[in-house]
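S.K.: One-letter residues, chain by chain:
There are 2 protein chains.
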Amino acid sequence: MKIDPSSPAGLSAQIAGAIRDAIMAGKLIVGDRLPSEAELAEQFAVSRPTVREALKRLAAQSLIRTQRGAFGGAFVNRLSYEDAHAQQITTSTLLLGMNEVSFDTACEARFAMERACAHLAADRRTPDQLATMRAEIHRQGQPGLTDEAFCASDVAFHRALVDAAGNPVLSYQLAGAVEAMQPLMNMITFTARSRGAICALHTRIADAAEARDGAGVAAALGELEAYTRALAQSVFAARAQAAADPR
Amino acid sequence: MKIDPSSPAGLSAQIAGAIRDAIMAGKLIVGDRLPSEAELAEQFAVSRPTVREALKRLAAQSLIRTQRGAFGGAFVNRLSYEDAHAQQITTSTLLLGMNEVSFDTACEARFAMERACAHLAADRRTPDQLATMRAEIHRQGQPGLTDEAFCASDVAFHRALVDAAGNPVLSYQLAGAVEAMQPLMNMITFTARSRGAICALHTRIADAAEARDGAGVAAALGELEAYTRALAQSVFAARAQAAADPR
DNA sequence: GACTTTTAAATGTCTGACAAATGAAAATCG
DNA sequence: CGATTTTCATTTGTCAGACATTTAAAAGTC
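In order, the protein sequence lines correspond to chains A and B. Counting in full-length UniProt numbering, the first sequence runs from 1 upward without gaps. Counting in full-length UniProt numbering, the second sequence runs from 1 upward without gaps.
None of these hints come from the bench; they were simulated from the model.
Estimated spans, in silico, between C-beta atoms of each pair: (1) B:200 <-> A:230: 37 to 47 angstroms; (2) A:4 <-> B:17: 28 to 38 angstroms; (3) A:39 <-> B:68: 23 to 33 angstroms; (4) B:5 <-> A:211: 49 to 59 angstroms.
So these bits of chain B aren't anywhere near chain A, every CB distance computed over 10 angstroms: (5) 5; (6) 34; (7) 41; (8) 131; (9) 159; (10) 199; (11) 234; (12) 238.
Every residue, glycine too, gets a C-beta built ideally from N, C-alpha and C.
Using the sequences and the hints given, assemble the complete structure.
M.R.: Given below as structure tokens:
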């Protein structure tokens, strides 16, 4: 482990990188205890606060967990699907939020990936997951629902669909794509008419999933993508119009 | 921003969370400068090292970048595709490496997502991307290539295919799925025969992409998935056999 | 006016210290 | 002797203060 004190990267970043590499290379495996902060400080020839900053960096990525007390210390953490999920969502949300990604681009990516789940979801969906989808559709049809609540239910519906594929890796990968769209969808106002159209498509998806009809799920998703993009385009166009001509 | 000194979470984690929430809620936007460490320490009523640990947590997620000197400080960072890419890959690699994900599960997820790119890639591939794919196929056919190098080239080929879809969000999302498979693929020894089969399928993919034949790309990817899974199964079975009967 | 020097502000790092948690070992008691 | 309690060493969490380093703006100089 070589640390260059004159590097512009910063000592704590280098130390964090060295430990991260050791974990990724399998030199440190899940459950292993790292040396104490004092020992690490000695090994890397830095002070304890510097070591601590490095450890906090790793903790921020859920790579390690720390425990106080005798025989406590920093332990290599098993990255759970939950943690990975959460990280995925924050990263995706920020990426979309800060990079002026067009609605179309994000939408295209999301539905392309979701269609990839269609056949698996139709084959493997459990009655439970189907019930969740139906419940969300029902909620989406209720009057008096705010746009935010409608979007949240929409996300829940699609999450159920993705989970129905029964592949945790797929669920994890798609979490970002689906959830990160929510802030973008929240920019749209949903009229009663558009809500109805979306609910109808959701129902078609649920029906196809119930009938184990993967192609049907994929086709309905395709229509939903087209509808969503058209809807967004008209909303944005109307908004631009209003901004240009604010009588 | 309320910080509870008696919480078991730790002060630096709470402070990091408060700032992260402010960024995600849009209260702090890209380029904004956070208060200096001394000011933050005063605001949160903690010491400067504690604030620093919180800032390092955020820096580890590329949420902020720090700059030394007068009028330096911590600035809200634009999460670049590059950074998001890198994070995605480390997270996915660790997730697969530490959770005993079966080869089949990972493989299924990866090819399902990759097939989602097939039509877009066929429609939009540039001559450059096609050339990259051809170059990697050529490299894969060369004798004397180590298994690691073969896998690396395989990843490069698939990355080119994904990038050909021309959707940066899709590229980012798939980076994890494709790259994280590499350590798993490295566990397989590729015979000259299996390399030939893979190269042939790669060629079919490239040919289909050249002909703008999305369905052809998807079909070839399907065959590649089946071949890869069968190959892995036979390798693992042989290995289990050898372990059970080590004469 | 263009260039150089100074200076103040900020992060990066170190030293030393104390508080709090925690499990193990030692002491105590029935 | 066994079970319980107490003590204690270890380790992380936090704080205070200090100095080094970097950086850009402001002051000074030709």
